[in-house]
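Enquirer: Could you put the whole structure together from the sequences, leaning on the hints where they help?
Protein chains in written order, with my numbering: chain X, 1 to 376; chain S, 1 to 146; chain Y, 1 to 314.
Do not take every clue at face value.
[What the hints assert, rightly or not] Pairs of lysine to aspartate or glutamate residues, derived as DMTMM-like cross-links and limited to a Cα-Cα distance of at most 25 Å, are as follows:
#1 Lys353/X / Asp287/Y
#2 Lys192/X / Asp179/X
#3 Lys39/S / Glu154/X
#4 Lys176/X / Glu103/S
#5 Lys356/X / Asp219/X
#6 Lys181/Y / Glu147/Y
#7 Lys183/X / Asp255/X
#8 Lys303/X / Glu103/S
#9 Lys297/X / Asp51/S
#10 Lys251/X / Glu291/X
#11 Lys59/X / Glu94/S
#12 Lys39/S / Glu150/X
#13 Lys130/Y / Glu41/X
#14 Lys115/S / Asp135/S
#15 Lys146/S / Asp327/X
#16 Lys251/X / Glu273/X
#17 Lys65/S / Glu58/X
#18 Lys56/S / Asp135/S
#19 Lys295/Y / Glu146/X
#20 Lys115/S / Glu273/X
[Unchecked claim] Chain Y is nowhere near these chain S residues, computed Cβ spacing over 10 Å in every case:
#21 Ile9
#22 Asp51
#23 Ser85
#24 Val105
These are computed hints drawn from the structure, not numbers from a lab. In this text the structure is predicted, and so the values were computed from the model without any measurement. We treat Cβ as the ideally placed atom computed from N, Cα and C, and that holds for glycine.
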Amino acid sequence: MEVNVISNDRDLYSEEFSINMGPQHPSTHGVLYLDLRLNGETVIDCVTHIGYLHRSMEKIAENRTYTQFIPFTDRLDYVASMNNNLCYVLAVEKLMNMEVSDRAKYIRVIIAELNRVASHLIAIGTFAQDLGAFATPLFYCFREREKIIEIFDEICGNRLTYNYMRIGGVQSDLPKGIDERIKYFIKYMRSKVDDYEALLTNNIIFLARAKNIGILSKDAAVSYSITGPNLRASGIKWDLRKDEPYLVYDKFKFDVPTGENGDAWDRYKVRIEELRQSLNIVEQAIAGIPEGPVTVKPGRIYKPPAGEAYLRTENPRGELGFYIVSDGSACPYRLKIRAPSFSNLAVLSELVKGVKVADVVSILGSLDILMGEIDR
Amino acid sequence: MKHYLKNLILGPISLIQGLIVTFKNLVSRAITLQYPTQKQPMTPAFRGLVDLRPDKCIMCYQCVKICPTGCLAIRHEESPEKKKSLVTFEYNMELCCFCGLCEQVCPTIAVYMNKIYEIAVYSRKELHINLLSTDKYAQWANPTVK
Amino acid sequence: MLTMMITGAVVLGFISFSSMFLIWWERKVSAHIQTRFGPMRVGWHGVLQPIADAVKLLLKEDIVPCSVDKRVWWLAPFFVVVPSVMAFVSIPFGKNLIAKDLNVGILYIIAVTSVGILGIFMAGWGSNNKYSLLGGMRSAAQIISYEIPLILSIVTVVMFSGSLSMQKIVEAQAKCWFIFKPCLAVAFLVYIISATAEVNRTPFDIPEAESELVAGFHTEYSGMKFAMFFIAEYTNMFIISAIATTLFLGGWRGPLLPPVLWFLIKTYGIIFVLMWVRWTFPRVRVDQLMGLAWKVLTPIAFVNLALAGWLLLK
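Expert: Here it is in structure tokens:
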């Protein structure tokens, strides 16, 4: 077994020490294999191995019709399924030049923003758990996420993989009385976000673990094509909902929070502020929703004209993109998914050079990746 | 030096703020249910297992064609008077992804999704269900619906 | 001779009963902080859960990995449990309820509990496993560093009470508990923080950091040996809370109820605060831990000691 010798002094001989944060580990988010090489407690190098969750979704898509592939997109970023459905359906509608009714657009915005809240809750909860606040913020976040999931259960029938969006509309209209429940949830959630801030944001132990850890400079962020809250925490104000508005996002007033340094604390703070802004969007959307037809019954086989289309939307984790090439038949010729966590993970091996082992976990938690997207 | 003293004062204050939040949760009522003595009712739209009303089925094969994973299998026969009747209607629960497309595409609402969600079995054969038999879901409890 | 054996049996019985109660208490407190119920099935609200846990651990197979250093690995649990039990000799449970009122009481307790670090280090080394080694070495560094503020805060109390014997410290608080005097309030805070680090509880539980090193120095232990580590942790928690009660909160003094009850109420109150802190805060990193001990707690303890001496001389 070869060893890498660090110092060959006769009095202080030291070697590299390699640790596998292997595929099964309590704090890599999913099946991720990190091969860390250490010098004592400091990390010298980190090699990332992915592919343990590969399910060949892009190849399966070449044998399924466009409606049949929607349940598969749920399972990409399984924490925020509605956003994945939305991006795929918008890409197919762009390929077919289809317009949807206004009510469908408002419903899609409400559902997408509620799912963004749910996804950020998991990001915050698991980040706090990785740092050692074992389970308490996580339980609080899951308690709030349970309320969102119950709302989705009433709307579409499933709790995690929804299959709600359809090409041209949504699966079914909102049931009666749901807007009272959503309004009550918004009020309840606003008080709980203040609780999380009191528990974590200015806590001196949390600051010592997250401030100035894993600083991502603006140039590095742009050159690694990082998107989403990680990019905004480094100081670049880029949000697809404001810069290339899709659906009806240009009708709502909301801020795009940015950070200053690009460290782990900034990424956490940006997510908390985005939570609040998403609640604002849902409130405005519920107040202004128009009437109209929304339901699309499945069964029609869509045959888009031959051509290609690429569409990107703002997922909670970054920019999700679908590139569809159609040759005129019922199944796509090629479907390519641009996953946000894939690019976000690539910057890990640069960020961990020179930090302690405990910080590797902290940086990985703050990047907020999900293996379902990376491996597809 | 100033930084050191500032941290010394602000640190304990932030810690006490966190302790107050936890204490408020400590004295409030717990929200979990004691399963299996207390269960939650399902919503009307909940997608459980695929179920069939055999007298309404017109054997159009739409559900078989639309299923993304191919878990439904139908065979029918035609009598000389051009009357169709179902021979088998098989449902492979291992492949089902509970997407609900078969329920939405059926023109006569013969295929629907019931509310059963507690499906633990001892062998894989029990997951291949013949939806035409009368005791297809007898071993699993039917939960309450809101 | 007979009284010695009866005392020994009573102390051991109390230790096991107390550990079992603490196991249940910790699970209930942590559950309610997280808005859930905790153990509810075994007995009324899960009171018999520790008995179920003990039976399970007794029935488990004792797995000995083949590449461990046999003698060191086998002896480690004993070196962790025995010092904790020995410290019960001079803890004052009531007015005359003390096994032996040594005239160097508090010094004896500190000396004996410091031997427990040997056990942790032996467990880490003997397991022949990278993760356990890291956990054991971190723990050794942590415990040695936090001994100093601990002892300095205790010396402050000894200055005020004039004696090292535990009963005399309690009697010196006849008029006013030591925690209400200004220098000693600071000493109390320093003591509580150092003592939490001594027993490896969050926010200083790096040796058992679950998200990084799976289980730290006791990864390779199973069955009854693991139970020994577990019991030793809760016994240590009891000992430091008992010392805090005796030194700062007036020991067994109190108006109406019998002294034993007051002692137990105060001790379990401090244990409740320790558990409350555990389930709220994240973990401190290793080098920050050392920074806290050497750069914050030790200077504060020294300054406090000097101030207390000056106040006494006036």
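Enquirer: Hint by hint, note whether the structure agrees.
Expert: Do the hints match the structure? See the list:
no.: 1; hint: Lys353/X / Asp287/Y; result: holds (17 Å)
no.: 2; hint: Lys192/X / Asp179/X; result: holds (20 Å)
no.: 3; hint: Lys39/S / Glu154/X; result: holds (17 Å)
no.: 4; hint: Lys176/X / Glu103/S; result: holds (21 Å)
no.: 5; hint: Lys356/X / Asp219/X; result: holds (24 Å)
no.: 6; hint: Lys181/Y / Glu147/Y; result: holds (23 Å)
no.: 7; hint: Lys183/X / Asp255/X; result: holds (20 Å)
no.: 8; hint: Lys303/X / Glu103/S; result: holds (23 Å)
no.: 9; hint: Lys297/X / Asp51/S; result: holds (19 Å)
no.: 10; hint: Lys251/X / Glu291/X; result: holds (17 Å)
no.: 11; hint: Lys59/X / Glu94/S; result: holds (21 Å)
no.: 12; hint: Lys39/S / Glu150/X; result: holds (14 Å)
no.: 13; hint: Lys130/Y / Glu41/X; result: holds (12 Å)
no.: 14; hint: Lys115/S / Asp135/S; result: holds (16 Å)
no.: 15; hint: Lys146/S / Asp327/X; result: violated (46 Å)
no.: 16; hint: Lys251/X / Glu273/X; result: holds (20 Å)
no.: 17; hint: Lys65/S / Glu58/X; result: holds (20 Å)
no.: 18; hint: Lys56/S / Asp135/S; result: holds (18 Å)
no.: 19; hint: Lys295/Y / Glu146/X; result: violated (44 Å)
no.: 20; hint: Lys115/S / Glu273/X; result: violated (38 Å)
no.: 21; hint: Ile9; result: holds (12 Å)
no.: 22; hint: Asp51; result: holds (34 Å)
no.: 23; hint: Ser85; result: holds (51 Å)
no.: 24; hint: Val105; result: holds (41 Å)
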